[in-house]
Amino acid sequence: MSTDFKRRQITGRGIPVPGNDIDTDRIIPARFLKAVTFETMGEHAFEDARKQNPEHPFNSKVFQGASVLVVGQNFGCGSSREHAPQALMRWGIRAIVGGSFGEIFAGNCVILGIPCLRASQEDIEWLQKAVARSPQQAVSVDVEKQEVRFGDRVIKASVPDGPRNQLVNGTWDSTAVLLEAGAAIEATAGRLPYVKGF
Amino acid sequence: MARTLLDKVWEAHTVRTLPSGQTQLLIGLHLIHEVTTPQAFQMLKELKLKVRMPERTFGTLDHIIPTADQTRPYADPEAEEMAAHMYRNMKDFNLQLFDMSTGKQGIVHVIGPELGLTQPGMTIACGDSHTSTHGAVGAIAFGIGTTQVRDVLATQCLAMAKPKLRQVRVEGALARGVYAKDVILTIINRLGVKGGVGYAYEYAGPVIERMTMEERLTVCNMSIEGGARCGYVNPDQTTIDYLRGKPYAPAREAFDRATTWWKSIATEPGASFDDVKKIDGASIEPVVTWGINPEMSVGVSQRIPSPDAQPEPERPTFREALAHMGFAAGQPIKGARIDVAFVGSCTNGRLSDLRVAAEVAKKGKVAKHVRALIVPGSQQVAKAAEAEGLHEIFQAAGFQWRKAGCSMCLGMNDDKLQGREMSASSSNRNFIGRQGSPTGRTLLMSPAMVAAAAINGAVADVREILR
Ligand code: SF4
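As they're listed, the protein sequences go chains A and B.
Using this note's numbering, the first residue of the first sequence is number 1, and each one after it goes up by one.
Using this note's numbering, the first residue of the second sequence is number 1, and each one after it goes up by one.
It cannot be assumed that every hint is accurate.
Claimed, not checked - Which stretches of chain B does chain A cover? Using the computed rule of at least three CB atoms under 8 Å from a CB of chain A, they are: (1) 31-42; (2) 115-129; (3) 186-192; (4) 248-259; (5) 333-344.
To be clear, the hints were calculated from the coordinates, so they are not data collected in a lab.
Cβ atoms here follow ideal geometry from the backbone N, Cα and C, with glycine treated the same way.
Pulled out of the complex, with its shape left as it was, chain B reads as follows:
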């Protein structure tokens, strides 16, 4: 019987079936960052346990670190303390840390793929829900909690139930001005934020196959926003070309042997899925969220829907969303005034994201009332962007050029919304309070659309600017 990538990877990593019926699953790559690990390390110390396979865990600093002045000690004592703990734990347990001095630091889901740590056929875990990102190269990657971080450190395993598998096919082709972010926001809108519960998503179809690796990373990143446990794309020539020459990818003959294995773990033709959903790529337009979860979105040419048009149980959330956002049902999303523009995060903080944003930034200047931040996803992204002069384009247009980190994606450092500020953001969550202000408001969109909104001072259709 034809098998899927999920079947093959799951089987290859199964240590045993637990009495609970769950699988004891070996984790091939464990990525950690400063915020969700200190308690896990402490539990390990108290249990007098070692890290089982120290060569399979890598760490970085991203969530709480500042992106303006990074001189130690950091101005925020809590950030400093978390960083200090990270340094100490990594040293105590003999684990590799990509800090600022390595030139490889960055958001954990940006550096894994760009260093070639993330590879097809692996199981990957990280104490962060957006670990699904790594599925873009054909890995099965899970976000986990602090107690599970301890499990992976101590045993290199997780107790997991195998999810069901849904293939999400994006057929046809995308129109100009429509990006990977619009594809995943459309998938979430059509299938719902809870639509993926209990499932892994396999993304397929011509649109996904034609995507670059960076675009696939954007799609897989937000699998979790659609409720899926993880999401992946089958490895193909794009994957192989992407990994060639990466520092932690196999080299020379080993690379050739690796490609044979990588190809062999892809889903076989004729394999069956628990569910298949199709979306027509041509029907997708630039998407903007208008509400308080990533499902609440519309095409930029559309109007904000009315709660009365929704099924009864959903109406209260719709009303709450409209009240929080200060929007009226039936209002066009285009023209909604913004105060802050943020390009960055593990969803859209890679070089190709900065390139399209810079393309748009060339067309104008940031509106006077808008605070605009460009935060590269990693030191390597920053370096490559600077080599192309992107930072100068941004600065000339009035954007701030920052250092790598999570920044305003979650507002754990100084980059926060103030009061009820409205933000156009290339990140992944528009939950109330997510960007650092309890009353702050977030509109999710592609990096091109964020740059367009920054220049326009309000939500704009990037297709008109790039015309």
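In isolation and in its complexed conformation, chain A is listed as follows:
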């Protein structure tokens, strides 16, 4: 079961969203929070930013299908809404490489199995430019080794120990961990007088 949940390596095309302090309201505007489903969140990722800026990378054809987001400092600051990582995930993002992240946002990403890796300002600037120049080339994110590879360059990118273990071992998903108990669940239920109807 848990093999599906292991997040050791993620490889996919990159998409750079330059700028610092991009908050969760930018990622998903508040008016989408009342929805009964996360299903449509992907369509609304960066909605207002995209309307204001036709050149926004999320509007650009060349980046459609990308799965590795490359961002600046303090990405995802602001509210605790799970909708922000949901929107990015449903758009197609599977890993985020950035200078730094809002703490709650990074935690919410882990719950969804999305690693957030921190790299130096210099490496981020290089990676954003490199990805923009060659949008068809894959970025390889190695959570276990804490590095990101693009072309022949390897940059250091860290994930704190706790989330790294959860991602690498596939235990970020509480449902998956609980499912591993298998038949012990039914066995425990079967011993309860009220489940047996007394």
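Keeping the supplied structure of chain A fixed, place chain B with the ligand upon it in accordance with the hints.
Relative to the frame of chain A, chain B with the ligand by itself:
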């Protein structure tokens, strides 16, 4: 060694210890409602998972539904959409839904006990913080988040750390005009809104033992407001009498076997607790909150405290509370003018609550400037109240008689405060904006006190009216 109910229930439901050190705890009863579940069901669908034990999950509609006109489609498109999703998910996953057509719909924490779904010795979870209510019958009941709702649906389990246990003893006896709501508001006031963090509360002592089941439900309901993860009362004869004949309680011989087990899971004499707190029941008077969290309360004969009399770190919150409420330190709470009166919610929306409110309503008419709502906690409560003619007493006194739902407890439907309106409310939270208006103000009190305030147009001492 003598063991507590928490020890025994925890052990009986432990599936295994997780690598994180938490317990994988089997959940015996899962209750769901329309607001915190749609995303959980969606996650389940995406993971192509089934509901693990569909016969152990029950749903209802309560949070966002209207309480005036309930014809579908609802006037509010968001309420309609949430209800439609609930119907679809319950059908897709083959789960039982108590909707309006069943006559059993109501606030999730009212219908669980009244249907006999909630039973002693169970573990219970629901995507709603007031799940602690169900502890009144001797269950260990937790409020959970949306991702945990998914966990319970998919695995019938939760990953949980066992809380510490504090016994809260209410000694002596209560004076006339003092109700279960006053008891729990006093406990929260004395122990603080964060006082229970990390604890489960076992309520005990003569006052709790003498309480009816409905009164115990009121006490356990607000455990969460005191910071506790859950709260319970040991099952006793009151519990057994309450459950007998309930639709989902065991019947005939099975009921007798059940009572033996229920009694066996109660805390044993001599068991030890991580902490014990005692409160003298005779010291409790009708309580009114004056601030923006449920700890900020005074007896109705008292004055609003001054921030300067508080420890330094608490002063800013006190000042913020006074500013929001428009109160001055040293002002008596009695006489504070109200605009809205609300009797209802999972704290105080049961038949006995409506009975005492009706007793008071008989003594007068709702003041001209007050909008007063009575919202029964469930269809069954409404039916029983109507059979006794309570709705006519309320209507004759100028109260609106509504249909069952959460209503103005959280203002997710049309029942909202407007602007800075001041509400006398039998609900459980006085947080800023809780009753639907960002600037609205809430005074929490017992249903009897709400009815008294409605008639008086201002906070009144119900003991004077019932004299
Ligand atoms: S009545 Fe209020 S506290 Fe109770 S379940 Fe409904 S919204 Fe929550």
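**Item:** Per-stretch coverage check for the stretch 186-192 of chain B, three Cβ contacts closer than 8 Å to chain A
**Value:** With 0 residues in contact (Cβ-Cβ under 8 Å with chain A), the coverage given for the stretch 186-192 of chain B is violated.
**Message:** Can you tell me if the stretch 31-42 of chain B counts as covered by chain A, using C-beta to C-beta distances under 8 Å and a minimum of three residues?
**Reply:** Since three or more residues must qualify, the claim that chain A covers the stretch 31-42 of chain B holds, with 3 doing so at under 8 Å.
**Request:** Go check the stretch 333-344 of chain B versus chain A for me, would you? Three or more residues, Cβ under 8 Å, otherwise it fails.
**Result:** Since three or more residues must qualify, the claim that chain A covers the stretch 333-344 of chain B is violated, with 0 doing so at under 8 Å.
**Verdict on chain A covering the stretch 115-129 of chain B, criterion of 3 CB contacts below 8 Å** = Since 3 is at least three, the answer is holds.
**Prompt:** Within the assertion that chain A covers the stretch 248-259 of chain B, do at least three residues meet a Cβ-to-Cβ distance smaller than 8 Å?
**Reply:** Check passed, 5 qualifying residues.
Taken one by one, the earlier hints fail for this structure at numbers 3 and 5, listed in ascending order.
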